[in-house]
Structures are given as C-alpha cells and as structure tokens.
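Engineer: One letter stands for each residue in the lines below.
Number of protein chains: 2
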Amino acid sequence: MATKRKSGVSDRRNRDSELIAAAITVFYEKGYAAASLQDVAEIVGVLKGSLYHYISSKEDLLARICVESHAQASVIMAESLESADDPLDQLRVYLHRIALWYVNNIERVSIYFNEGKWLTGERLSEVRTQGREFHSFVRTLVDKARSSDRVRDDIDPRVAAQLILGSLNSVSTWYRPDGLYSPEEIASAFTDMSLASISGEVPPVLSRVTAPDGDD
Amino acid sequence: MATKRKSGVSDRRNRDSELIAAAITVFYEKGYAAASLQDVAEIVGVLKGSLYHYISSKEDLLARICVESHAQASVIMAESLESADDPLDQLRVYLHRIALWYVNNIERVSIYFNEGKWLTGERLSEVRTQGREFHSFVRTLVDKARSSDRVRDDIDPRVAAQLILGSLNSVSTWYRPDGLYSPEEIASAFTDMSLASISGEVPPVLSRVTAPDGDD
Chain Z
88 MATKRKSGVS DRRNRDSELI AAAITVFYEK GYAAASLQDV AEIVGVLKGS LYHYISSKED
148 LLARICVESH AQASVIMAES LESADDPLDQ LRVYLHRIAL WYVNNIERVS IYFNEGKWLT
208 GERLSEVRTQ GREFHSFVRT LVDKARSSDR VRDDIDPRVA AQLILGSLNS VSTWYRPDGL
268 YSPEEIASAF TDMSLASISG EVPPVLSRVT APDGDD
Chain F
88 MATKRKSGVS DRRNRDSELI AAAITVFYEK GYAAASLQDV AEIVGVLKGS LYHYISSKED
148 LLARICVESH AQASVIMAES LESADDPLDQ LRVYLHRIAL WYVNNIERVS IYFNEGKWLT
208 GERLSEVRTQ GREFHSFVRT LVDKARSSDR VRDDIDPRVA AQLILGSLNS VSTWYRPDGL
268 YSPEEIASAF TDMSLASISG EVPPVLSRVT APDGDD
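Residue numbers (the numbering used here), protein chains in the order written: chain Z, 88 to 303; chain F, 88 to 303.
Excised from the complex, chain Z in its bound form:
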C-alpha cells in the first residue's frame, strides 16, 4: 500500500470535494428548499456539527456549486466563439457542448440552473446576472445569424433563446444515465432540433393549417 502522507491543505480540499458531492446528491434528490445539512452530514458520515469547520450554512454549499458550474459554462461560451466565425456555426458548437456538459453533469448543472434562485443577497444577484448571460449569449447569436439570412426572419431571438434553453434544461427532468440514450445522442438531437427550429422551413402544407376558432 502507498504511504499515506497528505498535507493539511490537501485533506481540507478532499473534504471540501466530498461535501460538495454530498450536497449535490441531496439537493438534486430533495430539492434545495427541502434538503438539510443533516442530510448532507449523513451521506458524508459525520455529525452535522463538524460540517461547520468547512461551511457556515446550507447556502454556502449551494453557492459553491453555482460558482464552479458558472466557471465551466463560461469556458464553453468562450471556446464556442473561438471555434468558428459564423454566428450560426458558433451556436451549433455551443449548443452541442453545453448539452453534453449538462447531460454529463446532470445533477450539478440542474441544481445550478434550477436551485440558484434560493441564494440570497449578493449571491442571488450574481446567479441572476449569470442566467441573463446564458440567455443573452444565445439570443445574440440567433440575432446575428438572422441578420446574415441564415435564420428565418419571423424568429424572435429573445423567445427563441428562451425556448431553446428551456428545452435544454428539461433534460434534468427526463434524462437517466442508465436510459436508452447516450449523452452524445441527446446532445446531437438537441442541437439538430434547435437549429432546425430557427432555420428550417416549415413544409408549405403545414402553413395552411390554422388553429380552430375559440383557441385564443
């Protein structure tokens, strides 16, 4: 067996990671609002009191999950812009990468997207600003692609960005790691459908079908 000589710093780092991993499991299963530090302590196998050596509140754990997730998401945005010159090509790379990242980190990323709203004060402002960043990133690319005639004129970039990101975020409600589809299959289907949704032509025969009276 290897000699076990960890420094205090690395011990602390390991315990931090262990705590974050436990918090991700608990927040994902119960939802942040209903989860407790007691639940986290039970997974780690320590008394609740000893968690306070590492964090001061349940919100601390949520904040760390969000900070780390945002750092990863920011890298994906930056790399997507560098990957191509055309906005629709950049969007394609972005959607594929962000979807793979989401599916491969489904618990963590789903918490970041859906539970960040429970942060308070300065942290809440930050996570809201970040939410607008994602939206703005997609909206801007759709808008630029529309100017260059690669997206249908009648697409509203703001609504399109919401529907596309909403569709992505839905994977946390139905994707199962042991299910029928691989992360790559989900990411590709999502990317293809999203691009087709803004750039595709609806077959002519469809346009003659209008909603029946009384629909609105």
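To be clear, the hints were calculated from the coordinates, so they are not data collected in a lab.
Where hints are given, some of them may not hold.
[Claimed, not checked] Quick list of in silico lysine-lysine cross-link-like pairs, DSSO-like style, CA-CA up to 27 Å: (1) Lys-204(F) with Lys-117(F); (2) Lys-231(F) with Lys-204(Z); (3) Lys-117(Z) with Lys-117(F).
[Said to hold, decoys possible] Pulled a few chain Z residues facing chain F out of the computed Cβ check, cut under 10 Å: (4) Tyr-115; (5) Thr-216; (6) Ser-257; (7) Ala-276; (8) Met-280; (9) Ala-283; (10) Ile-285.
Note that CB positions come from ideal geometry on N, CA and C, so glycine has one too.
Given chain Z, work out where chain F should sit, using these hints.
Structural biologist: Chain F in isolation, oriented as in the chain Z frame:
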C-alpha cells in the same frame, strides 16, 4: 344591492375555489415543498385551523389542482385529434392549444407539471401516469407523422417529445403576464419552432460544421 341568499352548497363551493386560488398563489411563489397551510390561511384571511373544514392536508390542495388541470389538458388532447386527420396537423393544433392554455394559466399549470411529484401513494401514481400520457401523445403524433414522410427520418420521436414538452414547460420560468409578449405570440412561436425542429431541413451549410475534437 342584490339580495344575498346563497345556499350552503354554493358557499362551500366558493370557499373551495378561494382555497384553491390561494394555494396556487402560494405553491407557485414558494414551491410546494416550502409552502405551508399557514401561508394559504393568511391569503384567505382565516385561521389555519378553519381550513380543516375543507381539506385535511396541504397535499389535498395540490391533488385538487392536479385533478382539475388534468381534466382541462385531456379536453385539449381530445379536441386536437378531432380537429384534423393528418398527425402533423393534429400536432400543430395540439401544441398551439396546450401552449395557450399553459401561458394563460401559468401558475396552475406550472404547479401541475412541476410540483405533482410531491404527491404520495395513489395520487402520485396517477400524476405520473398522466405525465406519461402527455409524452406519449406527442411522441405518437411525431411517430405517425414520420411514417407519412412529413417528419425527418433521423428524428427520434421519444427524444423529440421530451425536448418539445420541455421547451413548453420552460415558459413558467420566464413568461411574465406584463412582459413583452402576448400568450398568442408565445404559443405561435412555440408551435412554429417545434414543428420546424422536427420537419425542417437544416441548411446544407450547417451540416459541414462538426463539433471540435474533445467534445465527447
């Protein structure tokens, strides 16, 4: 002023509606898990204890919201099937109607779709069966449309149904009644984009863009 002579039955019905309306407000704002009967009582303006004349638990309120929502959603499914013969036309009518219904009843429907998971026992089984019904309805129409060559061959009806319904469900996170778009605008954008996502052709120039190495 009109003479006020209500029967006991109608009094009870009014109080029931008032309770459901209050529960919808509270569950939507706080989330079901974090909401309490005390919150509901405060909105109605009664003591918590008097709620027990009408319901026996917080779950009762959630169950009623879900039962009523499901009845409405079932009507929309049935009417959409009757509205046309072609599966893609039926899907178009369905998506438009269900989106209008969702946006016009954003609080109630969002609770039905997102908080039904907190029900227990038989009620939980029912709401899960209903969730599968929605999914199966869309999947079946996509599948039929694919057989009739009106949907791209490479579309997986199961994944398509999840992404389309996920995109619809996202409206509860971003739609604001006092916002930029009317329910009709949202419903139309959602319907057009969803149909284009399964039936549209991705412009050829896009197909040459492949994700960079290291993406999966």
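Engineer: Each hint: holds or not?
Structural biologist: Comparing the hints with the structure gives:
1. Lys-204(F) with Lys-117(F): 15 Å, holds
2. Lys-231(F) with Lys-204(Z): 40 Å, violated
3. Lys-117(Z) with Lys-117(F): 15 Å, holds
4. Tyr-115: 13 Å, violated
5. Thr-216: Check failed: Cβ of Thr-216(Z) comes no nearer than 15 Å to chain F, outside 10 Å.
6. Ser-257: 2 Å, holds
7. Ala-276: 5 Å, holds
8. Met-280: 4 Å, holds
9. Ala-283: 4 Å, holds
10. Ile-285: Constraint on Ile-285(Z) satisfied, holds at 7 Å.
The structure shown violates the earlier hints numbered 2, 4 and 5.
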